[in-house]
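A.B. asks: What follows is each chain in one-letter form.
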Amino acid sequence: MPLRTCAQFTSGLPDDSIEVEGDIVQFGGKNVADALVAILRARSFRVSDPGYLGVNGWDFNVTEGKTRVWVQVSDVPPIFILMSELHRPFNFFKGDFGRRELHAEVLAAMDAGMKADDRFGDLSWRHQEEIEVDGAGAPAPY
Amino acid sequence: MAGPAKQQKPSFFSSANDWIAERSREAARSAHELEAAGRKAWNEATRTGRNVQAATTAQLRALGAQVLAGEQAAKQAVSQGVAAAKAAVGQRPHQNLASERTLQSAPAPSKPFTNLKKPQVVESTRHFEVRDGDLLDKALGRWDSVPAAKPLVGGAAQVLGLVSGAIRGGLHSAEGLAQTAWQGFRLTNPWDQLLSLPGENARSQLIRSELQAADYVADRFKHPEALVQDIRRVAHKARVDLDPAASPEGGTVADEARRRFDIGMNEGELGFNVGTAYAGGPGAKVVGKSARFFRKADSVERYLARGYSAEAAQHLMQPYENGAGSHYLPQWQFREGGPLDGVPFMKAFKDSDWNVSKPEGMTRGQFYDYHFEVDPSYYGAKLPSGVPEKGWSGKRMGLKKRGPLGRFWFGMPAPLKARLLGGAGTFGGTVQSVSEDEDQECP
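So the protein sequences, as listed, match chains S and F. Under my numbering, think of the first position of the first sequence as 1, with each following residue one higher. Under my numbering, think of the first position of the second sequence as 1, with each following residue one higher.
Derived by calculation from the structure, the hints in this document are not laboratory data. Values in this document were obtained by computation on a predicted structure and should not be read as measured data.
No farther apart than 27 Å at their CA atoms in a straight line, the calculated lysine-lysine pairs in the DSS-like style are these:
| hint | chain 1 | residue 1 | chain 2 | residue 2 |
| --- | --- | --- | --- | --- |
| 1 | S | Lys115 | F | Lys390 |
| 2 | F | Lys347 | F | Lys358 |
| 3 | F | Lys350 | S | Lys66 |
If we strip away everything but chain S, and leave its shape as in the complex, we get:
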């Protein structure tokens, strides 16, 4: 069964977007991304610091060798949207290689960590085409 690689959730963390004269000059979600990075690092994953993506929000990478799981967190009030993609090394002889299981492990770790953290709520896991679709979603990514 394919993984649900995206999620919708709410967060009790304060709005950290920066506004100047009625215009948003830095979109929020860094504190949410920081919290997710901390959850993953506590479970011994190798995780980069969050990077700013402008209107898309914030992202970070979880790496193991040359296999990478990219995670993006977007503040789309009233919810946050989490997206993830697995990027595995490729060469002509082997095709895609690296550890496919890393993606499921990262999603499971975030799922467990967010459920245990009362700063997050209303967590539902979705396929990408189910984002912002009412009633869709599952309690776990797999």
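Once you've looked at the hints, dock chain F against the given chain S.
C.D. replies: For chain F alone, kept in the frame of chain S given last:
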């Protein structure tokens, strides 16, 4: 009365001197013809991919001698064929001049020379044109005997060529932009069809060029070997145009200066094109900004109809000025551990006009619409604190994401698109130009 002037008998020495001078002139002319024939054969070989050794002037002359000898043999073969034909039909010489001419113009039967075009005429090529009495020949002629003169003067000429080539690149770029603008104006001008000759209006020209391009693609899809041949020809032409070591050095200092100047010009123009392609020249910015003329005006009603408040509509109707734009290659690819991390020049490319769409004159709402359609990982954004609704959502606006092909085309920044189309046009033009060169030499 003065008698007729006594005619002086030429002395042995004076006639010998004349004879030597005449032979020297003939030898010089002959050497020149050999070089010209050698260069022509060398150029042919470069285009066809045949391996020919002619790194020095002496080797070039030797090659020319082989070619001319081959042509002589071909002519003799034709003459023999004519004589044999006459003998076979029992004709007297010159009895039927028309048939003789037909036979003489028939292709030579000898196979080894089939790729040497127009065998009886040895013409100098574009790059090695010899202009008798040229000021340059006169000025540099005295240095022909100095061995170091060719590389020194050639190097200086190449540097001069580089500068001139960069200027030529700028002029060509400006010319291309002006042509594009003019064509765009004609396409949107309703009078163009009435004012143009039948079949010459901008729309017909566009359709014709698109059909030609489609024919080319369809043909090369059916015959991939022809595409390989096209690429090979273009690569050979590029090598000859850009690499001083890829063509034999000029026979004289003046010839060498002309050759290296041409190469420098080509290098300079290429440098200009690559430079503007990388950094985003003024042309790129013009193309990027011109996109606004093709976009519909935004309206407050559009947001109100989707249930947004007047404050939200007002915010979304403001010009999109301070944002980072829509990145064609996503930003995470350039990050540490990303596929483009550490690739040279990629850091500067990431936020350049070639990777970021930020068309001038867009409202915030229009930008969000566009970004939602072309970025698969964008769904919405927060609105500022003074607005009752907390966020803008593509779903709420009734938008749909484009598929992979739509993202590829509509997500591409206008300058990159223009460069891609221009590049395809340049490739096609180069193939056509190379083919035309060959057609001219091979009727």
